[in-house]
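Asker: Let the hints inform the model, and build the full structure from the sequences given.
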Amino acid sequence: MSDLMKLTIAQARDALRKGDTTAVELTEAALSAVAASKPLNAFVHDTTDIAHAQAAAADDRIKSGEAPAMCGIPIGMKDLFCTKGVNSQAASAILDGFKPEYESTVSQNLFDDGAVMVGKLNMDEFAMGSSNETSTYGNVVNPWRATGSNQDLTPGGSSGGSAAAVAAQTCLAATGTDTGGSIRQPAAFAGITGIKPTYGRCSRWGIVAFASSLDQAGPMTKDVRDAAIMLESMCGFDAKDSTSANIPVPNFEAALTGDIKGKVIGIPKEYRMDGMSDEIEQLWADGTAMLKDAGAEIRDISLPHTKYALPAYYVIAPAEASSNLARYDGVRFGHRAKLAAGDGITEMYEKTRAEGFGAEVKRRVMVGTYVLSAGFYDAYFNRARRVRTLIKKDFEDVFAAGVDAILTPATPSAAFALGKTVEDPVEMYLNDVFTVTVNLAGLPGIAVPARLDSNGLPLGLQLIGRPWEEGDLLNTAYALEQAAGFTGKADRWWV
Amino acid sequence: MAIDTETAAKVAKLARIKVEEADLPALADEFSAILGFIEQLNEVDVDGVDPMTSVTPMRLYRREDVVTDGDIQQSVLKNAPDAREGFFAVPQVVE
Chain A
99 MSDLMKLTIA
109 QARDALRKGD
119 TTAVELTEAA
129 LSAVAASKPL
139 NAFVHDTTDI
149 AHAQAAAADD
159 RIKSGEAPAM
169 CGIPIGMKDL
179 FCTKGVNSQA
189 ASAILDGFKP
199 EYESTVSQNL
209 FDDGAVMVGK
219 LNMDEFAMGS
229 SNETSTYGNV
239 VNPWRATGSN
249 QDLTPGGSSG
259 GSAAAVAAQT
269 CLAATGTDTG
279 GSIRQPAAFA
289 GITGIKPTYG
299 RCSRWGIVAF
309 ASSLDQAGPM
319 TKDVRDAAIM
329 LESMCGFDAK
339 DSTSANIPVP
349 NFEAALTGDI
359 KGKVIGIPKE
369 YRMDGMSDEI
379 EQLWADGTAM
389 LKDAGAEIRD
399 ISLPHTKYAL
409 PAYYVIAPAE
419 ASSNLARYDG
429 VRFGHRAKLA
439 AGDGITEMYE
449 KTRAEGFGAE
459 VKRRVMVGTY
469 VLSAGFYDAY
479 FNRARRVRTL
489 IKKDFEDVFA
499 AGVDAILTPA
509 TPSAAFALGK
519 TVEDPVEMYL
529 NDVFTVTVNL
539 AGLPGIAVPA
549 RLDSNGLPLG
559 LQLIGRPWEE
569 GDLLNTAYAL
579 EQAAGFTGKA
589 DRWWV
Chain B
123 MAIDTETAAK
133 VAKLARIKVE
143 EADLPALADE
153 FSAILGFIEQ
163 LNEVDVDGVD
173 PMTSVTPMRL
183 YRREDVVTDG
193 DIQQSVLKNA
203 PDAREGFFAV
213 PQVVE
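These protein sequence lines map, in sequence, to chains A and B.
Sequential numbering of the first sequence, starting at 99, is according to our numbering.
Sequential numbering of the second sequence, starting at 123, is according to our numbering.
Read the hints as simulated data drawn from the structure, not as lab findings.
Check the hints yourself; a few may be wrong.
Claimed, not checked - Distance windows between CB atoms, simulated:
{"#": "1", "chain 1": "B", "residue 1": "D191", "chain 2": "A", "residue 2": "K587", "range": "39 to 49 Å"}
{"#": "2", "chain 1": "B", "residue 1": "P179", "chain 2": "A", "residue 2": "G500", "range": "15 to 25 Å"}
{"#": "3", "chain 1": "A", "residue 1": "E368", "chain 2": "B", "residue 2": "D145", "range": "34 to 44 Å"}
Unchecked claim - These stretches of chain B come out as covered by chain A in the derived footprint (C-beta under 8 Å, 3 or more residues):
{"#": "4", "region": "167 to 178"}
{"#": "5", "region": "202 to 213"}
All values derive from a computational prediction rather than experimental measurement.
Even for Gly, the Cβ is constructed at its ideal location relative to N, Cα and C.
Answerer: As structure tokens, then:
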């Protein structure tokens, strides 16, 4: 592997500006690493030609001395982002062959800053899944393996391709999206950093919709500084998304002082789940001690409605999905089923959707249809939305009492074997137990790798921040990162 | 709440997803398991609590009511499985 692929975004930016390397060299190194990563199945659409053109343009811009931080940085793009002229299929057979005639706002923002796209990344179908096993392209394999084992592990999901690609050092960073934990859980499973910003920070325009009131894009990077740099490029007001926040985007990197003296860190007792493993308990206690040593005040807090977050999520997200996915009808884009003689438009819809959607997507669309149907709307959907109000109020109460950030484990376990959860949907849903509250409350949340478990697999901690205060949250994460000193990298068994 | 095969078939129909008769019992079981998980929400006292409509208190952004896009018929039709004479083509809808 080229040493260039070991660089962070910040290091690459500095090297590019000094003239120690070029965007073309970086991009070539990334494309070679991408080609060598086939066994991981992280990359699913080739964008070599675009990468070459973008790298050449980036070098011109760097020479002019006017280049933004992301200029010339090779990144991977989750397949959920619509990229002009490039297959954008949300890892679903129903979008087979779909090449958008437009560019998503987030990918456009990154390209405007000079980022280089080295490929599109695998994911769970329509971002529905926590193990990257629902993709039409097949499973993604985590670059990490347990010590002494050659068993394939999940990279988590839904941004499993993004997590694997960054952890395998095939690109310097990747885009992800997070509806219930889809950036933070795979980041934790792959030993990298991932932040979901406040709802409304990143435009959702051009990102294939799953659950519109929960979906947010965010960066998946090697460290917290890179997350700050890339998030700033991705964010910003967009008139094409009516929920996009029209507020200034601060310089997130400038917030990284590492000084958290006097900050109040909440430790929510409801996150101490029954059956939590000793290793996760220890991880959480160690993280708490690190922040305390860094000068933060640790405070026990209560978020009383935590246990109802997952059931509320599994009403609201499928309900919104059933509505959003109604557009896949075989008329305007993607797959259309072959029809038998005499089949009318209803048969076309039903056969197209039966063939095009995978099992988990069908399950969620139908659950969503059920909870929205006449007679059940109040009992399920409205009740879940009322509970969501209470979950958000839990957070508002602790922030009003002076808490600056909340520390929790990122996941209930380290990465598990592929095939373990696909048989039981409810068990798979439990993966998001620590992350899903953050989406329901619209808050920023970040996963930071903290240590290796007894099997040599990475474990992550999650920090949850106040709305719109990503800068402060990133700084707390930066202090945690420095204290944890995680430097682990997966053994390169796939090359 | 247990979901029977008749309800599962009705939901599949509403969702416009074809499900074979033989697959309905398994589907009904899956629905029952997921809805059983959701039933926990009945434990929460939600009296006087408004359903959330917007996670961030904000007034939806309004723009000038003017044309910002258009004259892109070819782009609109480009990804269609079947497009003819400037239209999306579908099987016969009305007799």
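Asker: Now look at each hint and say whether the structure bears it out.
Answerer: Do the hints match the structure? See the list:
1. Checking the proposed 39 to 49 Å range against B:D191 and A:K587 shows it holds: the Cβ atoms sit about 46 Å from each other.
2. At about 21 Å, the beta-carbon gap between B:P179 and A:G500 stays in the expected band of 15 to 25 Å.
3. Take A:E368 and B:D145: their Cβ atoms lie about 38 Å apart, and the range 34 to 44 Å holds.
4. Counting residues of the region 167 to 178 of chain B whose CB lies closer than 8 Å to any CB of chain A gives 9, so the stated coverage by that chain holds, three being the minimum.
5. With 6 residues having a beta carbon nearer than 8 Å to a beta carbon of chain A, the region 202 to 213 of chain B meets the requirement of three or more and the stated coverage holds.
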